[in-house]
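Asks: Now for the letters of each chain:
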Amino acid sequence: MCGIVGLFLKNPKLEPELGAMLAQMLDVMCDRGPDSAGFAVYGSGTPGLVKLTLRGPAGTDFAKIGTAIGHPVMPRDTHAVLSVSASEEAGVRAALARIAPEVRVVGTGSRMELYKEVGLPADVARRFGLEGMSGTHAIGHTRMATESAVTTDGAHPFSTGPDQCLVHNGSLSNHAGVRRQLAREGVRVNTENDSEVAAAYLTYRIAQGDTLGEALTHSLDDLDGFYTFVVGTESGFGVLRDPIACKPAVMAETDDYVAFGSEYRALAGLPGISSARLFEPEPAKVYFWDRAA
Amino acid sequence: MRLALTPAVEAAVTVDLASSSLRELNAALHKLAPDTTEAYWKIANPAGRHALAAGLDAPVTVEIDGPVGYYCAGMNKQARVIVNGNAGVGVGENMMSGFIHVKGDASQSAGATGNGGLLVIDGNASARCGISMKGIDIVVKGSVGHLSAFMGQAGTLTVLGDAGEALGDSLYEAKLFVRGSVAGLGADCVEKEMREEHKALLAAKLEAAGLLGAVDIGEFRRYGSARTLYHFHVDNVSNY
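Protein chains in written order, with the UniProt record's numbering: chain A, 1 to 293; chain B, 1 to 240.
The set of hints was computed from the structure by calculation and includes no laboratory data.
Straight-line alpha carbon distances no greater than 27 Å define the calculated BS3-like cross-link-like pairs of lysine-lysine that follow: (1) B:103 <-> A:285; (2) B:103 <-> A:247; (3) B:134 <-> B:199; (4) B:134 <-> B:77; (5) A:247 <-> B:134; (6) B:31 <-> B:42; (7) B:134 <-> B:192.
Note that this is a predicted model, so its numbers are computed, not measured.
With the sequences and hints as input, model every part of the structure.
Replies: Below you can see the structure in the form of structure tokens.
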């Protein structure tokens, strides 16, 4: 079943509230997906620096790892964020692989931080302190596993490019074929999860020169199955449903924000919701909001 | 926890779902006898909860102030359910009789498999409105999404706006009236002549929905089954 939430703020005054608003939305979606949860938050960035979100097994001593590689890390439960200059990134990744091979880089970008774990979504959000995070936009997911095992690797969001992430409700029927095609193009997909294939497909299309809108439009031709995608980029977020529109979706727009939920319940606690424009995204129609626009 | 029963208006039972549980509300509604004096219920703060006022079987009015989630008023018998807001998936699913009025938009599968009664949606309905309808009358003042009245068996679907792709796919005997454009007809669904008897039928449905005189019956077109898919025939295999 799975639950998806997304929030894109138009009013900068709400930015300190982003995490709290998303945490509440994710909490409501617990019963759509109690297996695991995750979220990506687009917070502040430092020009010239790349944020790496790291994930290690429970008990990983991130402070020690930071000292060893010569960069401070900001730990949050099993994850940690590390900021390095673009020129240092390759060296830091190599050092990480050497010093702490059990730690993985699960997201990179100038602003995106990505957290996910197995467990009840409300607990996952609490463990990572989502409520206290600020930013311009964020997406989240509560998973009811169908196409692959209940593991942290199988949790959403999936990030396969800088500042790009995707959450998915549904199941893709041709993910094995798309995976093989992507492999032929040199694109590596790390997990058995069908949703990571969708994320990698979009990253591949964008690398080929597509805008996000074009990449989403192409996915209507190339990805078969049931899906509602919510995707995040450095400056915006997009929504796409398959042409049959099997998976539920509802959106709310006010002067202050655009919000997405698998059900209205997820939106019910947002400020000004009673006067928001509520609508159901149409099947096979690409929706995209951008900060830069 | 007990339901907060307070007389808001004369003879009304007010239930605030911010402080009362949905389970208790539905249980209280299910207990209503045919001759109940608690004939008018006002529900505050529904917040998109699922299965609100589902399974009613008493001649009462339930007015819900705000958006509801899935399957609101599902399986309804006798009752009038008014939603002052949007409705989620499957509003009025399998209703048997009574009246449901959604004053906002409805999501997918509104009135699905409905056997009787009247469902009026002031806004738009999404995909598969009236899927497998079996006698229900549905009036949508806005537009309906794709595959509406899919496998419709009996009843009427009246749309004042437009219809999406594959209207009436694999239709049996439901009667479809659309005032606006139709993006496409599904397998075995065809436009049919609007005879006097159909105009009278449409007028009756519009009257029941409080719309008689508000719209011109001459603007509607009728769609129905070509009846070529009733029995399996190998020549039609690609249409199934």
